Amino acid sequence: MRSLLRLITCGSVDDGKSTLIGRLLADCGAIPSDRLVGVTDLALLADGLEAEREQGITIDVAHLYFEHGGRRFILADAPGHEQYTRNMATAASRADLAIVLVDATRGVLPQTRRHLAIARLLGIRSFVLAVNKMDLVAFDRARFDAIATSFREALDRVGGGACAAIPVSALNGDNVATQSPATPWYDGPALLAHLERVAPADGPSLAAFRMPVQHVVRADGQRFYAGTIAAGTIRPGDEVVVAPSGRRLAVGRIVTRDGDLAQAGIGRSIALTLAGDVDCSRGDMIADPADPPGAGDQFEATLIWMDEAPLVPGRQYLMKIGTQTVPATLHAPKYRLDVETLAHLAAKTLALNDIGVANLWTARPILFEPYEKSRDLGGFILIDRITNATVAAGLIHFALRRSENIHAQAIAVTPARRAALMGQRPKLLWFTGLSGAGKSTIANLVEAKLHAMGRHSFLLDGDNVRRGLNRDLGFTEADRVENIRRVGETARLMLDAGLIVLAAFISPFRAEREMVRAMMPEGDFVEIFVDTPLAEAEQRDTKGLYRKARAGRLANFTGIDSPYERPDAPEITIDTLATSAEAAADAVIEWLERRGLFA
Amino acid sequence: MTDELLQALEADSIHILREAVAEAARPVMLFSAGKDSAVMLHLARKAFFPAPPPFPLLHVDTGWKFKEMYALRDAAAAEAGIPLIVHRNPEAEARGINPFDHGSALHTELWKTEGLKQALDAGRYDMVFGGARRDEEASRAKERIFSVRSASHGWDPKRQRPEPWRLYNARTAPGESIRVFPLSDWTERDIWTYIAAERIAVASLYFAAERPTVRRGDALIIVDDDRFRLAPGESPAPRRVRVRTLGCYPLTGAIESDAADIDAILAEMAADRTSERAGRLIDRDQPASMERKKRQGYF
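Respectively, the protein sequence lines represent chains A and B.
For the first sequence, full-length UniProt numbering gives the first residue as 1, with consecutive numbering after it.
For the second sequence, full-length UniProt numbering gives the first residue as 1, with consecutive numbering after it.
Mixed in with the good hints there might be a few duds.
Using C-beta positions, here's what the derived DEER-type ranges look like [unchecked claim]:
1. A/Asp586 to B/Ser152: 52 to 58 Å
2. B/Ala237 to A/Thr387: 55 to 61 Å
3. B/Phe207 to A/Gly69: 27 to 33 Å
If you're looking for bench data, these hints aren't it; they were derived computationally from the structure.
Fair warning: this is a prediction, and the values are worked out from it, not measured in the lab.
Glycine included, C-beta positions come from ideal geometry on N, C-alpha and C.
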């Protein structure tokens, strides 16, 4: 039975971090003898890249593996300098424990506070203070105690945690692998013995079952929902809820290639069958129905900026959280953190290695937990949509509006969110005018232009609607009102879906046009009066309807025996005698652009 | 499997395999029939169970692998129920590139690095699984689990994407691809313990037996067939040997050993602390050999 401990080491090169790591590895027999050939300094063993050896610096996180006393250690060795905050945060993101080195001759430094703050921020609650170079202070107990005291104060300031303090000399091996006779006043274990035995402080507290769905396996006419358990445990027969749909059903089997399991807990990669048909795919989450995950689309989060290009407030990035990837937009930071003093500094942006707090909103609601409850469900990365670089790591604090909750089936994909997904503001462009005025022609051209611009639109045309949705309606005034009412309702649904809707209807009565206007959110109804004098329309008579009406073979024809009420204050008026259809369409597009419809 | 460590490593690797497949358009798994390949394929079969892994295996062949590896390779693919693609660089074939006339560096570059690039381009694969581990070699220790390669398959160690938590960024520009290493956190010892626990079939070459060998410098080379060029006066002598890694047989150094089963191998590893790839001549044919090969597109 071997256990696994993930740890990071913090400290600058001068603190002797590399020497300590080299000694740990060497004393555990983890360094192959052929790699030791020519190595005079244990500290050089971790720098694996040519550029690192050339420049004598550590560029990136190295992962080192050693085993001792029945425990495996995965050590993420991150460079300690300020300019590598992103690497330290990356290394700390999965660590159970941090070893923080302090040079006995220098004591707790601003750098120490920085490391503590970042490690604690990323969720580490177990620390080992290694007071190094004790040989240079004659193994002085008072010196060690003073450093340990000021270290614990610094740790308490960033949130506290379990902490063991060990006096060591990495260079000579005192209290590293074996207890040193030079510190008779120290009765604790050597570093390695401590690491073997330490039980890391309890991490995130979430007990309820959570499994983000990674992949759906189809086999034998069945679906198997594959994922890694992020919290809690599961047994066959347990009732679960599939978020965000809110569907509740029972777990059938816990499937693995080694046979079905009677129970599976956090960290296991499994596949579940569910008793019943359900729409469940990657990005969904299978969860405890008594305590389902939160859902939200606006958050406050801590961001660790990791890219050379700084944060651009208002720009859309891709957010990957668990198995969900959604567009997300950042607001300007509320503040930037001074990681030594924890002071909040004013900030308009975040640059490389900055840590700050900002609000963000996602194009659709996501399932999440606050980071302090679950690293896997509350930690996210942001990806630049153009360069594909991972530009930031983020930690969700809380949703700004926690109204959405799958209990209430209220994963409200609101019109605004659908529109945001389409990157446009929905509008209803209502073309009104006499028969033959040119409404459909112009509306068609406008839609073609919108389409060419990559906009999502739909054209409702009077004749087409009357062939389907409204084929039961005639041309009496009552039917005409009902015709427009239905078209208005249809258009409203399409607006809710995020579309730019174009409607070309004679719609002769002012009241119905106002009714439709009132159905829409304020400002979304755009009345476009296609103004063609009756004589001109009658002369064009493209469909031969005027002739029929004049001949008495068509009753209730607008302009002949039924009135047309001109708009009082249309948003746009098109004089078709003075303007070509093409120019009219351009004018409509320009009007929309001026109002930031495509912003 | 009761070992907590192996269970954690297995779960993480399965997570990585699924994550990559979910985000890839055309995944493929490199398969060389070595012990790491065998473990990686075994994990893939677990990750997508009860379906077979949803990608083919790709073997970039040099024609100089041990005979036994070819047999194992074909059997493993057939048993997993997935297609096997074998690619041999036609240029290297036409020019008869071999380790004897052309040296290990050119042989490796043409057959393996160029051959791999050809095969990946031909298949338009955007996600390539490899069985490399971070404990194998110093530059590997610095490599991400999801490693972006340029359209020309190059690796830029300074432009790696941070990988906090278990969040892997698999997005690529056209032509770019991602190399995914599901065994990153495993060590040689874990691999052997897992092979024993899961009863995974591996080549008998890993276990000590009497084999015809010649000594070349400080390396013992197993003479696997009669294409081996013997130097004047040289004749293969039987020695009790085994290999720690499998590559092209004329470039793979064997070690003298009595370790005939996995327990013995683990004991031998604990006692002898040379690194696993010490027997790989290609790791030492130039300074920072592996890092440079990776920059050129070596997997």
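Hint by hint, here is what the structure shows:
{"no.": "1", "hint": "A/Asp586 to B/Ser152: 52 to 58 Å", "verdict": "violated (45 Å)"}
{"no.": "2", "hint": "B/Ala237 to A/Thr387: 55 to 61 Å", "verdict": "holds (58 Å)"}
{"no.": "3", "hint": "B/Phe207 to A/Gly69: 27 to 33 Å", "verdict": "holds (29 Å)"}
Hint compliance for this structure: hint 1 is the single one not met.
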